[in-house]
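Given chain A, work out where chain B should sit, using these hints.
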Amino acid sequence: MKNHFELLGLRPAFALDAGALERSYREIQSQIHPDRHAHAGDAERRASMQWSTRVNEAYRTLKSPVQRAKYLLEMNGVDVQFETNTQMPADFLLRQLELREALEAARQPAALDSLQAQVSGEQGLLEGSIARLLDETKDYAAAAGELRKLMFLDRLAGEIDQAYEELP
Amino acid sequence: MALLQIAEPGQSTAPHLHRLAVGIDLGTTNSLVATVRSGAATVLADEQGRALLPSIVRYQAGGRVEVGYEAQSKQAEDPKNTIASVKRFMGRGIKDVAHAENMAYDFADAPGMVQLRTAAGVKSPVEASAEILKVLRQRAELSLGGDLGGAVITVPAYFDDAQRQATKDAALLAGLNVLRLLNEPTAAAIAYGLENAAEGIYAVFDLGGGTFDISILRLSKGVFEVVATNGDSLLGGDDFDQRVFCWVVEEAKLPPLNARDMRLLLVMSREAKETLTWNAQARITARLSGGAVVDVTLGAEKFRQITQTLVHKTLGPMRRALRDAGLGVDDVKGVVMVGGATRMPQIQRAVGEFFRRDPLNNLDPDKVVALGAAMQANVLAGNKPAGEDWLLLDVIPLSLGIETMGGLAERIIPRNSTIPAARAQEFTTFKDGQTGMSFHVLQGERELVSDCRSLARFELKGIPPMAAGAARIRVTFQVDADGLLSVAAREATTGVEAAVVVKPSYGLADADIERMLRDSVDHAKDDMYARALNEARVEAERLLEAVRSALAADAALLAAPEREMIERQVAALATVTATNDHRAIRQASEALNRATEEFAGRRMDAGVKRALAGRKIASLDL
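So the protein sequences, as listed, match chains A and B. Heads up, the numbering used here is the position in the first sequence plus 26, with the first residue counted as 1. Numbering follows the numbering used here, with no gaps: position 473 of the second sequence is 465.
Hints listed in this document are in silico derivations from the structure and should not be mistaken for laboratory results. Please read all numbers here as calculations on a predicted model, not as lab measurements. You can take every hint at face value.
Just some of the chain B residues that point at chain A, by a computed CB distance under 7 angstroms:
| no. | residue |
| --- | --- |
| 1 | L171 |
| 2 | V215 |
| 3 | L372 |
| 4 | A373 |
| 5 | G374 |
| 6 | L383 |
| 7 | L384 |
| 8 | T410 |
| 9 | P412 |
| 10 | A413 |
| 11 | N585 |
| 12 | T588 |
| 13 | A592 |
| 14 | M596 |
| 15 | G599 |
| 16 | V600 |
The following label-pair restraints were derived from C-beta to C-beta distances:
| no. | chain 1 | residue 1 | chain 2 | residue 2 | range |
| --- | --- | --- | --- | --- | --- |
| 17 | A | Y190 | B | D356 | 34 to 42 angstroms |
| 18 | B | S478 | A | N29 | 25 to 33 angstroms |
| 19 | A | F118 | B | G379 | 46 to 54 angstroms |
| 20 | B | R507 | A | N29 | 46 to 54 angstroms |
| 21 | A | Y190 | B | A583 | 51 to 59 angstroms |
| 22 | B | D356 | A | E109 | 49 to 57 angstroms |
| 23 | A | N29 | B | L440 | 33 to 41 angstroms |
| 24 | A | Q144 | B | R348 | 25 to 33 angstroms |
Positions of the beta carbon are idealized from the N, C-alpha and C atoms, including for glycine.
Extracted from the complex, chain A is given alone in its bound form:
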């Protein structure tokens, strides 16, 4: 079975041309989407659903930096161990505590906005570092470490989203 990159006709790398990903995705779905085969027989409709499902999954994975990095590491036989490996550098953990305290204290949309901007800035830095480790130095162990940090921040970003919901 082809990997997600091959399926979408892309070079397997963390650095990605988002426009090319989008164009490939749409052009492929234009051919295989169940809407294109709605009047066909069962076998063809089933095949179309399965292929379209796979392409959706490939697109979803490659579009997200976290999922893309995780997928590339798995392609290279590296398990990210997000749930089991909880060792993090002390300065990163301290920074996380700080951000979480700020989240607890945020009572205004403006406070959440500022927090969101900080987190998104740090996500950007980590993505840059992951791109170098994966695409240039091929240091997969180090990339996995950086990815665990990024996953941490992703979770925090989700909680910030949730906090908007709970604002008075």
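Quick look at chain B alone, frame taken from chain A:
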């Protein structure tokens, strides 16, 4: 022996067939059917020229059924047997139904989906909806002059799996071939987008009689992409009627009402709500069965006050949809208003304030969904040549998951995932030698199982006995393009396919559907047989046509013996279709389907290659 009709590769087969296809808006208050004729989508009217069909069904003793205006005129006179807003009961249990105490129905006590006791027996909401669909189907067949090839039926985007399945079951009962269940706001976006050549981010605000949807779409040439959707499947124009009704009861200091008076005042409350769209006040006068006279006047400002909390309920979903889309209010280029209830000035104002722009009201909010559905049906039926059609990417509205230890819900497919989608999760056994496992399938966003919607329970049997924790049960959730879920499970170490027996929480079991199908053809054996034969033939012909055109286009993907094998099955099916044996036709259809499985997969692979052919230089070979 029938002649084989096999064209040379690259040649098209028969002259282009126009298949009759319709779009059906099965609404809470009104339903419509539309089709594309000579390139333009039009709503089909009844013999009296009326486009709308009130979604009201009246059951009479002896089994006679009235639908539409006829039933509507009797609703105060015969409230128990006249079912209005049946859509609110689809895929729902009795405790999910809001204002059940203010409804004049005789609810039957049954687990699962609500049932109504009528003069014609106990009826499921699925059967009542099927009656509405049958009338629309007849209307379409009469006006188009032939059997329908297929229908697109719209559902609220925020409908859960049970509600979607119930809608599809109703269509099956009505004898419709469902090409697709289409989300109502998406249908509206198609109609709006094509009409106005719209490009960019659009929001569709759809407040119908019983449901509220908000969808955010990215429109570009040839692509309609739903980015996020949200809503409230228990909020609609009906709730505004209820508020007016409660106000009338309080204002006129009325004692508890009987079913007839209740329905009468509800109808007048609805009229008052509509009056208030254009007028500063509405007078409600009625003579009740006891002789008491009601005469009250509701002002626009009072109406706004008593419905303020309802209007407020639309804000949360709008915020959540935008956030899920990762967009802000300023990214939205236009807000398309859909559904009769969006005519209310307080709704117009609330939407305008939220999006900081005037909503778009240039489409008829009652018709736009049916028109969009008709356009999509025309594409799905294959009536549009490639290049003139479009790609529609839609999402599931609510996360799907499974109950884990401690009453917690584990999310498997998150909301706003583009469909079709599939995701697998592994589970293991808890005890040594355990051979069975039970699962509880859930839909919703909350962490606690009790806060999510129960879709089904299923059991796995026949797991080979192993030590606790050794078995690896892989449960796969697949959501198809209709947004419907199916679940499969297999034990990974031995490859044993465990049997999945699904018990839907609020749906109908296959046996129920079969019974209803039998009931619906008046118990007449001939009818049953004729229908089975007709359906088998129609399906066989559809399949034959599809396989022939696939062979014409892609025979190069087959080796000679493979092609001959498929051609033999085509010939066999063509021969048997001419007979009156519906079982033999079905068997031959299945055989042809099996014979073309590999071919279908290769065609998809070829489709992917074709799509990428133009991209290679740009990306892969860099």
